[in-house]
Amino acid sequence: MTPCGPIALEFVPFDGGMHRLPSGGAVSVSQPPPEKEQRLALAPSIIDVELTQASQYARSLIEASLDPLVTISPEGKITDVNEATTKVTGVAREVLIGTDFSSYFTEPDKARDGYQRVFSEGSVIDYPLTIRHRDGTFTHVLYNYNASFYRDTTGNVLGVFAAARDITELNRRERQLRVYANELAAANSELEAFSYAMSHDLRAPLRAIEGFAGILVEDHAQQLNAEARRLLDVITANTRRMATLIDGLLLLSRVSRTGLAKAEVNLDELAREVVDELRGAEPNPHIEVRIDSLGIVQADAALLRQVLVNLVSNALKFTRSREKAQVEIGRTESSSETVLFVKDNGVGFDTSYVDKLFRPFQRLHSAAEFEGAGIGLAVVERIVRKHGGRVWAQGEAGKGACFCFALSREEADGGC
Amino acid sequence: MVAEADAAILMIEDNPDHAELALRALKVHKLANRVLVLGDGAQALDYPFSNGEYASRLAGNPKVVLLDLNLPKVHGLEVLRRMKADERMKMIPVVVLTSSKEESDRIDSYRLGVNSYIVKPLDFAQFVKSVGDIGLYWLLLNEPPE
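Residue numbers (the working numbering), protein chains in the order written: chain V, 1 to 416; chain E, 1 to 146.
Misleading hints may appear alongside valid ones.
Label-pair ranges, simulated between beta-carbon atoms [what the hints assert, rightly or not]:
| no. | chain 1 | residue 1 | chain 2 | residue 2 | range |
| --- | --- | --- | --- | --- | --- |
| 1 | V | R240 | E | L141 | 52 to 62 Å |
| 2 | E | A125 | V | N188 | 19 to 29 Å |
| 3 | E | H29 | V | Q326 | 25 to 35 Å |
| 4 | V | K386 | E | Y110 | 47 to 57 Å |
| 5 | V | R254 | E | A85 | 29 to 39 Å |
Simulated pairs of lysine-lysine, DSSO-like, Cα-Cα distance not exceeding 30 Å [stated by the list, open to error]:
| no. | chain 1 | residue 1 | chain 2 | residue 2 |
| --- | --- | --- | --- | --- |
| 6 | V | K262 | E | K101 |
| 7 | E | K84 | E | K63 |
| 8 | V | K386 | E | K129 |
| 9 | E | K90 | E | K129 |
| 10 | E | K101 | E | K129 |
| 11 | V | K317 | E | K101 |
| 12 | V | K343 | V | K317 |
| 13 | E | K63 | E | K101 |
| 14 | V | K77 | V | K87 |
Here are some, though not all, of the chain V residues that point toward chain E, as calculated from beta-carbon distances under 7 Å [to be verified]:
| no. | residue |
| --- | --- |
| 15 | E190 |
| 16 | F194 |
| 17 | S199 |
| 18 | H200 |
| 19 | R203 |
| 20 | A208 |
| 21 | G211 |
| 22 | A243 |
| 23 | R409 |
Keep in mind the hints are simulated off the structure, nothing from the lab. All of these numbers come straight from a predicted model, not from anything done at the bench. Quick reminder that beta carbons are idealized off the backbone N, C-alpha and C, glycines included.
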């Protein structure tokens, strides 16, 4: 007999027409195939063996279940249990059978109400109860009386089949998750308070430094020689640099804090807007910017715009000194990703520093060579990571750079 | 600074250095002598409501209130809320003049009925121009309700 043979198993009460297993299980085979019936007449001993095997098979299925399984009589007495039930109650099988099902729960009335509802409603699903172990420990379970009742051959309800799913661990994890969520919320609001304080408190002294240095120049110009003015300029320049750094930090924290508002983004339009805007402010009008066909992606439009602004302004900044400066914005596809890139033939970078590129405040050029706070690529990285994508860069010193970011296909265009 | 009843501009600013810079900017337009500077949020509420040390001040409201947000005692947004919740006070134009670029501050200010929201420029020349423009606009150009 194969384990998956067409055989109907049915629980029946402890009376005729069934086979009792040595362990006390109550399993029988109903409606055996006709040829077997014939064989029953011819060779009952063989049928007996087959039926015993079927019973043992059913019994092992029940015992294989990690969930406590119980059958309950209409009067609420336990008629059968598996090993998982004896484990969760700490009560031996012989003791369990014949006792009140409801007596093993912290809320017996609720347990009784649960299985009684099966008789009126047919099945009860995910009914929460707490089993009390003999040693006093509790197991939180969800009872499924969904196998509902079993009947005898004439259709009389003989009892309820109930399966419990231990959710103690699930509950514990849920509680743990709630703790983590609260901690995260607290950390986030602390971060918000911090960036708020930064925008106010760190900026305020800068304004005073810059302002009073300005007054000194305006009101006391005659008393200041060239060197004195140069020193004041250094003070002012550094004040502004610090303001740029504060702005960079704030931008970075804002990107991290804001949620994603994904929608269809027309990249062709977005790229054209960004390029027009940046070219308007670009001192070198001869930089050639090519925009390939970019199509549509699913992304947060404002954040994606920030990505393009940062990458394109970098490309312009680092190609500006080239005689024939070229920037290209393009798109390629792989089997799982949409890759967008901004490529230039500018000053490039030393590849040994490639892992520093996307870290905040890491710069590969001096402030005198190229302006910037070192925050742009860090912002790009955070935005792309927020979209579930990745960023990388290829380049060579003196030959140009290519900055790529990939959005997974589902992220990029909804799996089209 | 002048007799309280004459104050055309009520500047609520806890940083005396910033107040000095702002006054300098207003001086350019000869508006500095019509400014009253209050250093915290509690005073900011006492003055227009004629409470506390301003209980005996003459009637008459400023033509504009320049309000910093990050104030000691009572936060600028609370000052704004209480002013705009008062039937008489809500007519006085309030301009938030702050270092905060926080979007939440901007949104909250407008939600509470602020008349204008200006982020103080860091650049001194721009700062002087901004504060001067604010003074000229609200004192000379704008017609407040009587």
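Status of each hint after checking the structure:
Taking the beta carbon of each, R240 of chain V and L141 of chain E are about 32 Å apart, not inside 52 to 62 Å as hinted. Against the hinted window of 19 to 29 Å, the Cβ-Cβ separation of A125 of chain E and N188 of chain V comes to about 38 Å, which falls outside the hint. Range check, H29 of chain E to Q326 of chain V: Cβ separation about 50 Å, and the 25 to 35 Å hint is violated. With their beta carbons about 28 Å apart, K386 of chain V and Y110 of chain E fall outside the hinted range of 47 to 57 Å.
A hinted range of 29 to 39 Å for the beta carbons of R254 of chain V and A85 of chain E is consistent with their spacing of about 30 Å. Of the pairs offered as hints, the one joining K262 of chain V and K101 of chain E holds, with about 25 Å between alpha carbons and a cut-off of 30 Å not exceeded. Restraint check for K84 of chain E and K63 of chain E: satisfied, since their Cα atoms lie roughly 15 Å apart, inside the 30 Å limit. Distance check on the hinted pair: K386 of chain V and K129 of chain E sit about 40 Å apart at the alpha-carbon level, beyond 30 Å; violated.
Distance check on the hinted pair: K90 of chain E and K129 of chain E sit about 27 Å apart at the alpha-carbon level, within 30 Å; holds. Using a Cα cut-off of 30 Å, the hinted pair K101 of chain E and K129 of chain E holds, with the two alpha carbons roughly 19 Å apart. This hinted pair checks out: K317 of chain V and K101 of chain E have alpha carbons roughly 26 Å apart, not beyond 30 Å. Note on K343 of chain V and K317 of chain V: the hinted pairing holds, with a Cα-Cα distance of about 13 Å set against a maximum of 30 Å.
About 25 Å separates the Cα atoms of K63 of chain E and K101 of chain E, which keeps this hinted pair within 30 Å; it holds. Distance check on the hinted pair: K77 of chain V and K87 of chain V sit about 19 Å apart at the alpha-carbon level, within 30 Å; holds. A hinted interface residue such as E190 of chain V counts as satisfied when its beta carbon comes closer than 7 Å to some beta carbon of chain E; here the least separation is about 15 Å, so the hint is violated. Checking F194 of chain V against chain E: minimum C-beta separation of about 12 Å lies over 7 Å; hint violated.
Interface restraint check for S199 of chain V: the shortest CB-CB distance to chain E comes to about 5 Å, inside 7 Å, so the restraint holds. Given hint, H200 of chain V at the interface with chain E, holds; its Cβ is 5 Å from that chain's nearest Cβ, closer than 7 Å. Annotation: R203 of chain V was flagged as interfacial toward chain E, and the flag holds, the nearest CB pair being 5 Å apart, inside 7 Å. With a cut of 7 Å, the hint placing A208 of chain V at the interface with chain E holds, because the nearest CB-to-CB distance is about 4 Å.
With a least beta-carbon distance of about 4 Å to chain E, the hint placing G211 of chain V at the interface is held under the 7 Å criterion. Checking A243 of chain V against chain E: minimum C-beta separation of about 5 Å stays under 7 Å; hint holds. Interface restraint check for R409 of chain V: the shortest CB-CB distance to chain E comes to about 32 Å, outside 7 Å, so the restraint is violated.
In summary, the structure is inconsistent with hints 1, 2, 3, 4, 8, 15, 16, 23 from the numbered list given earlier, while agreeing with the others.
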